[in-house]
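Chains as they are written, first to last, in my numbering: chain A, 57 to 327; chain B, 72 to 291; chain C, 260 to 487.
Keep in mind that the hints were calculated from the coordinates and are not lab data.
Just so you know, nobody snuck in bad clues.
Below, a list of computed lysine to aspartate or glutamate pairs in the DMTMM-like style, where the Cα atoms sit at most 25 Å apart:
#1 A:K193 x B:E191
#2 B:K187 x A:E86
#3 B:K203 x A:E201
#4 A:K146 x A:D134
#5 A:K125 x A:D145
#6 A:K239 x A:D134
#7 B:K187 x A:D161
#8 A:K264 x A:E205
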Amino acid sequence: MQDFSKFPLEIKGKNRPMVSFKKVRKAYGELVVLDNLDLDVAAGEMVSIIGPSGSGKTTVLRMLMTLEKINDGVIYVDGQPLTHMPKDDKLVWANQRYLRTRRADIGMCFQHFNLFPHMTALENCMEGPVQVLRISKQDARARSEELLEMVGMIDKKDEHPSRLSGGQQQRVAIARALAMRPKVMLFDEVTSALDPEVIGEVTHVIRKLVAAHNLTMLMVTHQMGFARDISDRVCFFYGGQIEEQGPPAELFGNPKKTRTQQFLSAVREAI
Amino acid sequence: MEWKWEFTWEILPRLVVATGNTLVAAGAGYAIAIVLGLVLALAQRAPSRVLTFIVREFVEFIRSTPLILQIFFVFYVAPQFGIRLSPWVSGMIAIGLHYSAYLSEVYRGGIESVAKGQWEAATALNMTALQKYRRIIIPQSIPPALAGMGNYLVGIFKDTPMLSVIGVAELIHTANAIGAEHYRFLEPYTLVGIIFLAISLPAAGFIRLFEIYVRRKIRL
Amino acid sequence: MTLFEFISTYWPRLLSGTGITVIQFFLAAALGVVISLGAGLMKLAPNRILRGFAITYIEIFRGTSLVVQLYWIFFVLPLLGVTIDKFTAGYLAVGMNIGAYGAELVRGGILSVPRGQWEAALAIGMSPAKRMRRIILPQALVNMLPPWGNLMIELLKGTALVSLISVADLMFESRQINASTYLSAQVFGAALLIYYILARFFVTPFMRWLEGFMARKIGREARGVGAN
Numbered sequence: 057m058q059d060f061s062k063f064p065l066e067i068k069g070k071n072r073p074m075v076s077f078k079k080v081r082k083a084y085g086e087l088v089v090l091d092n093l094d095l096d097v098a099a100g101e102m103v104s105i106i107g108p109s110g111s112g113k114t115t116v117l118r119m120l121m122t123l124e125k126i127n128d129g130v131i132y133v134d135g136q137p138l139t140h141m142p143k144d145d146k147l148v149w150a151n152q153r154y155l156r157t158r159r160a161d162i163g164m165c166f167q168h169f170n171l172f173p174h175m176t177a178l179e180n181c182m183e184g185p186v187q188v189l190r191i192s193k194q195d196a197r198a199r200s201e202e203l204l205e206m207v208g209m210i211d212k213k214d215e216h217p218s219r220l221s222g223g224q225q226q227r228v229a230i231a232r233a234l235a236m237r238p239k240v241m242l243f244d245e246v247t248s249a250l251d252p253e254v255i256g257e258v259t260h261v262i263r264k265l266v267a268a269h270n271l272t273m274l275m276v277t278h279q280m281g282f283a284r285d286i287s288d289r290v291c292f293f294y295g296g297q298i299e300e301q302g303p304p305a306e307l308f309g310n311p312k313k314t315r316t317q318q319f320l321s322a323v324r325e326a327i
Numbered sequence: 072m073e074w075k076w077e078f079t080w081e082i083l084p085r086l087v088v089a090t091g092n093t094l095v096a097a098g099a100g101y102a103i104a105i106v107l108g109l110v111l112a113l114a115q116r117a118p119s120r121v122l123t124f125i126v127r128e129f130v131e132f133i134r135s136t137p138l139i140l141q142i143f144f145v146f147y148v149a150p151q152f153g154i155r156l157s158p159w160v161s162g163m164i165a166i167g168l169h170y171s172a173y174l175s176e177v178y179r180g181g182i183e184s185v186a187k188g189q190w191e192a193a194t195a196l197n198m199t200a201l202q203k204y205r206r207i208i209i210p211q212s213i214p215p216a217l218a219g220m221g222n223y224l225v226g227i228f229k230d231t232p233m234l235s236v237i238g239v240a241e242l243i244h245t246a247n248a249i250g251a252e253h254y255r256f257l258e259p260y261t262l263v264g265i266i267f268l269a270i271s272l273p274a275a276g277f278i279r280l281f282e283i284y285v286r287r288k289i290r291l
Numbered sequence: 260m261t262l263f264e265f266i267s268t269y270w271p272r273l274l275s276g277t278g279i280t281v282i283q284f285f286l287a288a289a290l291g292v293v294i295s296l297g298a299g300l301m302k303l304a305p306n307r308i309l310r311g312f313a314i315t316y317i318e319i320f321r322g323t324s325l326v327v328q329l330y331w332i333f334f335v336l337p338l339l340g341v342t343i344d345k346f347t348a349g350y351l352a353v354g355m356n357i358g359a360y361g362a363e364l365v366r367g368g369i370l371s372v373p374r375g376q377w378e379a380a381l382a383i384g385m386s387p388a389k390r391m392r393r394i395i396l397p398q399a400l401v402n403m404l405p406p407w408g409n410l411m412i413e414l415l416k417g418t419a420l421v422s423l424i425s426v427a428d429l430m431f432e433s434r435q436i437n438a439s440t441y442l443s444a445q446v447f448g449a450a451l452l453i454y455y456i457l458a459r460f461f462v463t464p465f466m467r468w469l470e471g472f473m474a475r476k477i478g479r480e481a482r483g484v485g486a487n
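Between the sequences and the hints, there should be enough to build the whole structure, so can you do that?
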């Protein structure tokens, strides 16, 4: 029986972080992916996660979406525990029912879009609001059409994913996630599977989101220029820990740690 | 021995009735197999390891032993436990059970053919397990499963002659009876073969068309 | 009577029945493999008559039931002047039936060999026969072996039907013992167990071994153990 008494039941206060990882540990058998991770993300903040492959960056997002269980520590979203639930004034591992109540705060976009192939773009966006949030079809349609308009996909709302390009699919996927009105949005390498010429249409949508909405966002990306442009903060992951973090101008312009310097110069070399 | 047309016309009505019985037997067996197969497939995905193991071994056992033996087993062993089953009922149970093992593999294949990302996207939309299966996974797993489901429908039809051993009046049973009454085997057995061909060949074609129709319908 | 007591009393008959089942299995398998290769290759032949013959054969044997085929071969062929003893009729029917299914596997296996292999063989000036034998078939064989594992189980189960024409296999002996002793649970339980052991611990492991062996022979990685 693990003891979580050193973690608070909830995080209070006006300036509490929207997302908070506290001493989070994740391992696959012997292989430790994340070790003792502490990370706070403020409400409305845009945080980019960069680092070499295998450094645990994607795992951070997947744990936050509860696609992966953590082995130790606690994750809080909007002050409430996500991976745990309070029981008799103590934290215990969350059960499925509790997770269902907490996941509503989080939306995610995937590297391979994962649109539902048997539904049109519009049906993809309406699925969550109608089935999960139980709002009326009319409202869901209005909400979805507005979002498809925002991502520039309203003309294609009745197309099935198989008829859309990668960039178009990813834009629909962003609209689908937003239709759930999450407080936190996760972008997991959303441009990695795209052809170079369509990356721009997806980054354009994300830029728009950053400019117009007060969403809290976490983004794993390999596009350093994009991360530098739009992030409030960049975290460099190495070996399951945050090796260095700071405002983009600082981290990209004047990295302090040797590993950060090596990684950034290797990435520049590749371009 | 020469083919006698007169005899052919004489026995044809009996064989047509027997064809009806055969189709009913195949349909009833298939209905059992379709439902039981889904139960077996979902049980193999249950979180309980013990349950998964038991169901897996059961499916493996059913699939590696002859149907005809299973028919005898159900028919003769059930009464020893005080359950009297008619030939029809024991036959349907045996065939349904046998093919449920095959269909569970078909369903399993269909479900496993759905990409992992679909489950994750459904989780990200905060769906319940039931919603995931009903709205996302099952609709996508049906088209890849249809070919297998159709093949086993034809398979059941072709295995119904085994029911003759416990006295179900399907085609072969009737042909046996006709042969014994008239001492003529050429016509009844040949006719039975032709009837099987005349049903199973178009059925296979029809199933293929149906598969294309469903694929188009849900646009996969 | 427990299953153990039953087996210790009736083992000689169960054993002789199992022996016949195993012999029928091997004869039908040998016949089935030969027919599969023949019909599978013929279905791919450029000659229309050969192709038509193969298609007719395959459709007839896959479109009707093994029981019907067995009865036809054993009861009807003699009326047409071809008399076959029951033992031969048994493995003949089972082998011919499996051969029709196997032919489709052979065809699929050959078609699964990439086009580049055909072209490469042509480029080094191989004759069509040599190309098939030395280049295409070995690769096709590796591709089609996994479904052959299932087909061999179907074949083993198919041999149980020879009991219907009184070949004294395991199924037949079980029915005889049942008729004279009424120990249905024991006798049919024992028979189920024997078929299961034959399938699970002999046929399947052998086919897995063969898959690995053939794959290594053409320098490919074998499938992982336990992969289905």
